[in-house]
Amino acid sequence: MSATLNSGKIEVVAVTKTYSPGAPPAVDNLDLVIDHGSYCCLLGPSGCGKTTILRMIAGHETPTQGDILIGGRNVTNLQPVERGTAMMFQSYALFPHRSVLDNVAFALKMRGASVVERNAKARELLEKVHLEAFANRLPAQLSGGQQQRVALARALITNPRVLLLDEPLSALDEYLRLRMRGELRRVQRELGITFIHVTHTQLEAIAVADTVVVMAHGKIEQAASARDIFLVPRNAYVTRFIGGQNVISGTVERTADGSARAVTSTGARIEVPLKGRSASPGERIFASLRRDRVQVRRNTGGKPAQDSINAVAGEVHAIENQGSYVKVTVDLADGEEFVAHVLDEDFFIDPIDIGAPVIASWTVRDVHLLEDRQPQATGRVAAAA
Amino acid sequence: MKISPVFASWLQVGPLALVLTVFFGLPVLVVIAASFFDFDHMAIVPAFIFDNYEELFTSEVTLQLYLSSLKFAVIVWAITLLIGFTVSYYLVFHIDSLLLKIALFLVCSVPFWTSNIIRMISWIPFLGRNGIFNQILADLHISSQPLEFLLFSDFAVVVAYVHLFTLFMVVPIFNSMARIDTRLIEAAKDAGASRWSILREIVLPLSKSGIALGTIFVVTQVMGDFFVVKVMSGGQSASVVSALSNEIQQLQYPPAAASAVILVIVVMLMVAAILRVVDVRKELAS
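Note that the protein sequences, when read in sequence, are chains D and B. Each step along the first sequence adds one to the number in the numbering used here, with nothing skipped, and position 67 is 67. Quick note: to get the numbering used here, add 385 to the position in the second sequence (first position is 1).
I should point out that these hints are in silico values taken from the structure, not numbers from a laboratory. Take these hints with a grain of salt, some might be off.
Listed next, with one range per pair, are the computed distances between beta-carbon atoms [unchecked claim]:
| id | chain 1 | residue 1 | chain 2 | residue 2 | range |
| --- | --- | --- | --- | --- | --- |
| 1 | B | Asp481 | D | Arg111 | 52 to 60 Å |
| 2 | D | Asn29 | B | Ala463 | 24 to 32 Å |
| 3 | B | Val649 | D | Ala23 | 55 to 63 Å |
| 4 | D | Pro21 | B | Arg564 | 45 to 53 Å |
| 5 | B | Ser389 | D | Ser170 | 52 to 60 Å |
| 6 | B | Asp664 | D | Arg111 | 29 to 37 Å |
| 7 | B | Leu485 | D | Val116 | 27 to 35 Å |
| 8 | D | Val116 | B | Leu467 | 29 to 37 Å |
| 9 | D | Thr62 | B | Ser579 | 17 to 25 Å |
| 10 | D | Lys128 | B | Val495 | 50 to 58 Å |
| 11 | B | Ser579 | D | Pro21 | 29 to 37 Å |
Computed far set for chain B versus chain D, every beta-carbon distance over 12 Å [claimed, not checked]:
| id | residue |
| --- | --- |
| 12 | Phe392 |
| 13 | Thr471 |
| 14 | Thr567 |
| 15 | Leu589 |
From the three backbone atoms N, C-alpha and C, an ideal C-beta is built for every residue, glycine too.
Put together the whole structure using the sequences plus the hints.
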């Protein structure tokens, strides 16, 4: 077998999936390339098509149009077993009437391996997930975390080149979820195979993945490294979905020195670096702003001074202590959620109460221009100009 | 007014307990008592003798009757199981729309809208010597002689039993199959299982409780039947209960009672054996 045949590189080429004629497609003309040996997270709200993609790669669903390639080979019409993939199902789908050992050994049994051979391999895998002592139990006699590890062992027994995980952590409690996601990442590194992990939890995706694919309505909104998806989100949807950042917007007054000056709907002035992109006066532009870089101070003198920039006035709407930082939600009276993550040490020197008038400010280097544009209503342009 | 929890639970089990005691418990006790009574041509004489049982156990006819009933039970069980499993499998795994599933399930119950007797008797004009089936064969020149074994034979008895009892197999198997998580089947497919392996490794074991319940329904009904055997065999075959009913017609209540007691014990042992193989309670609880 050549090296490419063993590769777990996935190519999704112009794939569309429609479940019933006339219904909007679950996956809409989607292209995606996932490198061999990378950990990719498909992230999006329920119904965005992420699970459908996973199931099409696994072979449990056939694309209405388009092709799926694994390791350079077109597998669109192959059976799941012929693809070299293995799937870990949501809530694991362990066979309830079979022992843990039989569950893990099942795929080898289906491939005609002898009892001795398959049980030896299954025990080896159970050892890897530290469950050798539970080999003869039934799945129902295990905890959620243990069941998850059995499902992992069961999926890995055929040495797949691609492991497909459908919401693998959603059935676990918070503590186990955090532990198991580290464990998944470790296993992926150790085996060096491709992992595709479907989740609707942003932090989970950012924590484990090399590549995060943010989806909405059957389309990819952005596919980028976990770091980039946080630092340079493409648009307001991705920014809001990933979290940790505010979306600010304003109507462009003028552009100069590679940045745009804009006025928000409440009259505050913001500066947005354009980084080579253009924005024309009168246009409404959107930008992301890291919540942990926002300063919040009491507002003692009404509105911020006219010439102050990158500062907005508002009222504290909610305060949530998160341990190492305090989440301060500021109501700017423009409908967009605006949050500052204030370092706990700084916050508790002089705690602010809910309802207090505050000024939130930031520096221009923490602002990132998004792709979204809105031609502004003419009245507004006139007012801004 | 506050009702104590103990009183409340008595109140809840009370009605059913009363019905069961009066209409089930007492009659069974009466039958057990009568099985030890003596009798002559004129009357039943209260006594405590074992003659009825002795006669039952020493007669060769008893064994033959039980073998005959068991034979019917096994044949009918095998056929209804095959049909019940196939129909359920089709309904559960091949019909996607829930509405159509329910509709087809109801269609299965259509024959039950008429009485058992009518359903059974309607086979007679179909299977008879000059019945519809033989007529068709003759018209198509497939057979010159009418087939004699169709009616008033063991064949006819089995046909009627299968017709009457298949639904009792379909319902519980459908019920347990419908609760199989379809992801289990996908997981098996993902692991490389063929259709046949999925059936053997996943569907069959997970339908076990339904099969056991259906088996209990079908076997106990066949074992307890006399009417179908009598009508459809034309009196040529007998069952345990048909012999028992003859005794009742001759007003020989004590031997009939003894025969009934033994039948109940035998059927209970059969049910116990089925429940030993499949822990229905455990499976129903999960």
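Quick rundown of the hints versus the structure:
1. B/Asp481 <-> D/Arg111: 52 to 60 Å: For D/Arg111 against B/Asp481, whose Cβ atoms are near 30 Å apart, the range 52 to 60 Å is violated.
2. D/Asn29 <-> B/Ala463: 24 to 32 Å: violated, 54 Å
3. B/Val649 <-> D/Ala23: 55 to 63 Å: holds, 58 Å
4. D/Pro21 <-> B/Arg564: 45 to 53 Å: Since D/Pro21 and B/Arg564 have Cβ atoms about 31 Å apart, the given range 45 to 53 Å is violated.
5. B/Ser389 <-> D/Ser170: 52 to 60 Å: With a Cβ separation near 45 Å, B/Ser389 and D/Ser170 fall outside 52 to 60 Å, so the hint is violated.
6. B/Asp664 <-> D/Arg111: 29 to 37 Å: holds, 31 Å
7. B/Leu485 <-> D/Val116: 27 to 35 Å: At roughly 47 Å between Cβ atoms, D/Val116 and B/Leu485 fall outside 27 to 35 Å, so the hint is violated.
8. D/Val116 <-> B/Leu467: 29 to 37 Å: Holds: the Cβ-Cβ distance is about 35 Å, inside 29 to 37 Å.
9. D/Thr62 <-> B/Ser579: 17 to 25 Å: Cβ of D/Thr62 to Cβ of B/Ser579: about 19 Å, so the range 17 to 25 Å holds.
10. D/Lys128 <-> B/Val495: 50 to 58 Å: Check passed, 56 Å falls within 50 to 58 Å.
11. B/Ser579 <-> D/Pro21: 29 to 37 Å: Given range 29 to 37 Å: holds, Cβ gap about 31 Å.
12. Phe392: holds, 37 Å
13. Thr471: holds, 21 Å
14. Thr567: At about 9 Å from chain D, B/Thr567 fails to clear the 12 Å cut-off, so the statement is violated.
15. Leu589: Answer for B/Leu589: violated, closest chain D Cβ roughly 10 Å.
Hint compliance for this structure: hints 1, 2, 4, 5, 7, 14 and 15 are not met, and every other hint is.
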